[in-house]
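Trainee: What follows is the residue order along each chain.
There are 2 protein chains.
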Amino acid sequence: MASESELIAALQAIFESAPEPDDRLLVGIGDDAAVISQPKGEVVLATDMSVEGVHFKREWSSLFEIGAKVAAANLADIYAMGGKPEYLLVAAALPAGFSVGEIQELARGIVDEASKVGARVVGGDLTAAKELVISIAVYGSVKEPVLRSGARVGDLVIINDLPGRSAAGWDLLQAGVRDERTMQHRRPVVDYLAARDFALAGVSAMADVSDGLVSELSHIARASGVGIEISTDEPIDFHGGEDHVFVATISPHLPFPRQAIEIGRVVLGKGVRVNGEMTSHQGFSALPE
Amino acid sequence: MASESELIAALQAIFESAPEPDDRLLVGIGDDAAVISQPKGEVVLATDMSVEGVHFKREWSSLFEIGAKVAAANLADIYAMGGKPEYLLVAAALPAGFSVGEIQELARGIVDEASKVGARVVGGDLTAAKELVISIAVYGSVKEPVLRSGARVGDLVIINDLPGRSAAGWDLLQAGVRDERTMQHRRPVVDYLAARDFALAGVSAMADVSDGLVSELSHIARASGVGIEISTDEPIDFHGGEDHVFVATISPHLPFPRQAIEIGRVVLGKGVRVNGEMTSHQGFSALPE
Chain A
1 MASESELIAA
11 LQAIFESAPE
21 PDDRLLVGIG
31 DDAAVISQPK
41 GEVVLATDMS
51 VEGVHFKREW
61 SSLFEIGAKV
71 AAANLADIYA
81 MGGKPEYLLV
91 AAALPAGFSV
101 GEIQELARGI
111 VDEASKVGAR
121 VVGGDLTAAK
131 ELVISIAVYG
141 SVKEPVLRSG
151 ARVGDLVIIN
161 DLPGRSAAGW
171 DLLQAGVRDE
181 RTMQHRRPVV
191 DYLAARDFAL
201 AGVSAMADVS
211 DGLVSELSHI
221 ARASGVGIEI
231 STDEPIDFHG
241 GEDHVFVATI
251 SPHLPFPRQA
261 IEIGRVVLGK
271 GVRVNGEMTS
281 HQGFSALPE
Chain B
1 MASESELIAA
11 LQAIFESAPE
21 PDDRLLVGIG
31 DDAAVISQPK
41 GEVVLATDMS
51 VEGVHFKREW
61 SSLFEIGAKV
71 AAANLADIYA
81 MGGKPEYLLV
91 AAALPAGFSV
101 GEIQELARGI
111 VDEASKVGAR
121 VVGGDLTAAK
131 ELVISIAVYG
141 SVKEPVLRSG
151 ARVGDLVIIN
161 DLPGRSAAGW
171 DLLQAGVRDE
181 RTMQHRRPVV
191 DYLAARDFAL
201 AGVSAMADVS
211 DGLVSELSHI
221 ARASGVGIEI
231 STDEPIDFHG
241 GEDHVFVATI
251 SPHLPFPRQA
261 IEIGRVVLGK
271 GVRVNGEMTS
281 HQGFSALPE
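Line by line, the protein sequences are chains A and B. Note that my numbering gives residue 124 to position 124 of the first sequence, counting from 1, and the numbers run on in steps of one. Note that my numbering gives residue 124 to position 124 of the second sequence, counting from 1, and the numbers run on in steps of one.
A hint or two may mislead.
Stated by the list, open to error - One-sided and incomplete, this derived list gives chain A residues near chain B with beta-carbon spacing under 8 Å:
| # | residue |
| --- | --- |
| 1 | G123 |
| 2 | K130 |
| 3 | L172 |
| 4 | L173 |
Stated by the list, open to error - Mimicking DSSO-like on lysine-lysine, the simulated pairs with C-alpha atoms at most 30 Å apart in a straight line are:
| # | chain 1 | residue 1 | chain 2 | residue 2 |
| --- | --- | --- | --- | --- |
| 5 | A | K84 | B | K40 |
| 6 | B | K84 | B | K143 |
| 7 | A | K130 | B | K84 |
| 8 | B | K116 | B | K84 |
| 9 | A | K84 | B | K143 |
| 10 | B | K84 | A | K143 |
| 11 | B | K84 | A | K40 |
| 12 | A | K116 | A | K57 |
| 13 | B | K143 | A | K40 |
| 14 | A | K84 | A | K40 |
| 15 | B | K143 | A | K143 |
| 16 | A | K57 | B | K57 |
| 17 | B | K116 | B | K40 |
Bear in mind the hints are in silico, worked out from the structure with no lab data behind them. What you are looking at is a predicted structure, and each value in this text was computed from that prediction instead of being measured. Here a beta-carbon is modelled for each residue, glycine too, at the ideal position from N, C-alpha and C.
Produce the complete structure using the sequences and hints provided.
Mentor: Here is the structure:
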């Protein structure tokens, strides 16, 4: 392993490779903290941690894919608030034998995903651990936050795409399949623009599906003090997580967003019913038993 | 282990136990992200990750102490920029068998340290891992950032306290000692007010000693394009880290800050000399071999 200074210099080159200069970034990587000048509006903050063996396996995914996937989970959280992600902090614990080239590959994956939305890495921390752990924190801006608590009785429930491809990819990888069908687990393609369209269309509540659709709908129902009835003939995976499909509620009096799939209604009551049946909201949970 | 929702509710109670309401915090724990309204000035962002066996051992430190220590490392980074920490995000990977009570104890330690400076936890993530990993990201405000690059030839080098007690505590713990002398390793007492006094006094550069005094001075010398000469009769530990003593440079024409100990001068040249001898800047590094 190179010295810490050499390593940070190598990562700085990758993280500062953004094509355009950023006038708001006053101090980037290399000091005790990053300094950013503030625009108007509100700040939105989120964090997401990924652990080897729990969220990814190095024999299944390249380090580039792993970096992109952890970044995507963070970026999706900000979009699910109706916000725009701007700056990332990356902390990583590296197992013994991890090479500088491997760290750079992980960093390039993070940059690749972040650059899709114009966000950049402005700081971080590196340490050692028995298994690879990556924790990203993200700072964004938002004008009108879209909360989980905004769903109103009579609203339509919409999604921008069918969830479950990440979970299906995991099942295939477990079964020894290594082809393109596993891609959505290895590196989910998140449609950030769809979340922006939902926010611009005036959705009343929104979340990204990180732990499973029913789990996210249960959060929305509880936070909003309403029930949710899903009725659909689509072959939807209600429990697979990590796709970062966006689920939202919207007044039927507003124009229907492009790309939205209607799957149900917000009703009086509580909990989530799928085709008339009350469902448990156990989604993917990475917590220990 | 309780369900994720129950666990988050239990943590929310601890993290929202701050005595005063916060008008700027528009959305706290429980949505995809936190939302904070912005004051004037600049935003300062930092992150710090701690790993069981590398930064702490559960047989040596209580979970309360571990939480407080990880929070302190983050808060010190913001103070070392001349800033004020305001909001924390906490991500933790928990080993099997970790109880709800243990998670709460960790959370209480974080709150205890954060409340010393009026900062609060507004979000986070929980997952599983083989060993306990805690990653905190911190958001603060700053009017005039104090960078590592500001040291000028002729400046005095000052510290607010003697570093090395954390490293000494680690050595004692390794040797089987379990008394009060190990406290500064288990839970360093960081003098945040001293950093504020340094910033108000107009220091030209500042860092907190997380990796060892010579390591931090080397960063300042390199970033500022200067050399640093330390001359002291004090019994200083130049390589022990994690104390979060603040080291700064200040013009000799400014009033000397209260509580400062002068240990050297900024000179033409490069690198760090201690009592005339060039030193290596290898501090504490948590990176794998």
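Trainee: Does each hint fit the structure? Answer for all of them.
Mentor: Checked hints:
1. G123: 6 Å, holds
2. K130: Because about 6 Å separates A/K130 from the closest Cβ in chain B, which is inside the 8 Å limit, the hint holds.
3. L172: Violated: closest Cβ of chain B sits about 23 Å from A/L172, beyond 8 Å.
4. L173: At 19 Å from the nearest chain B Cβ, A/L173 fails the 8 Å test, so the hint is violated.
5. A/K84 with B/K40: Answer holds: A/K84 to B/K40 is near 20 Å, not above 30 Å.
6. B/K84 with B/K143: Holds, because 9 Å separates the two Cα atoms, which is no more than 30 Å.
7. A/K130 with B/K84: Judged against 30 Å, a Cα distance of about 34 Å means the pair is violated.
8. B/K116 with B/K84: 12 Å, holds
9. A/K84 with B/K143: Distance ~24 Å between A/K84 and B/K143 Cα, so the pair holds.
10. B/K84 with A/K143: 24 Å, holds
11. B/K84 with A/K40: Holds, at about 20 Å.
12. A/K116 with A/K57: 24 Å, holds
13. B/K143 with A/K40: 17 Å, holds
14. A/K84 with A/K40: 13 Å, holds
15. B/K143 with A/K143: Status holds; Cα separation ~24 Å.
16. A/K57 with B/K57: 27 Å, holds
17. B/K116 with B/K40: 23 Å, holds
In the structure shown, a violation is registered for the earlier hints numbered 3, 4 and 7, in ascending order.
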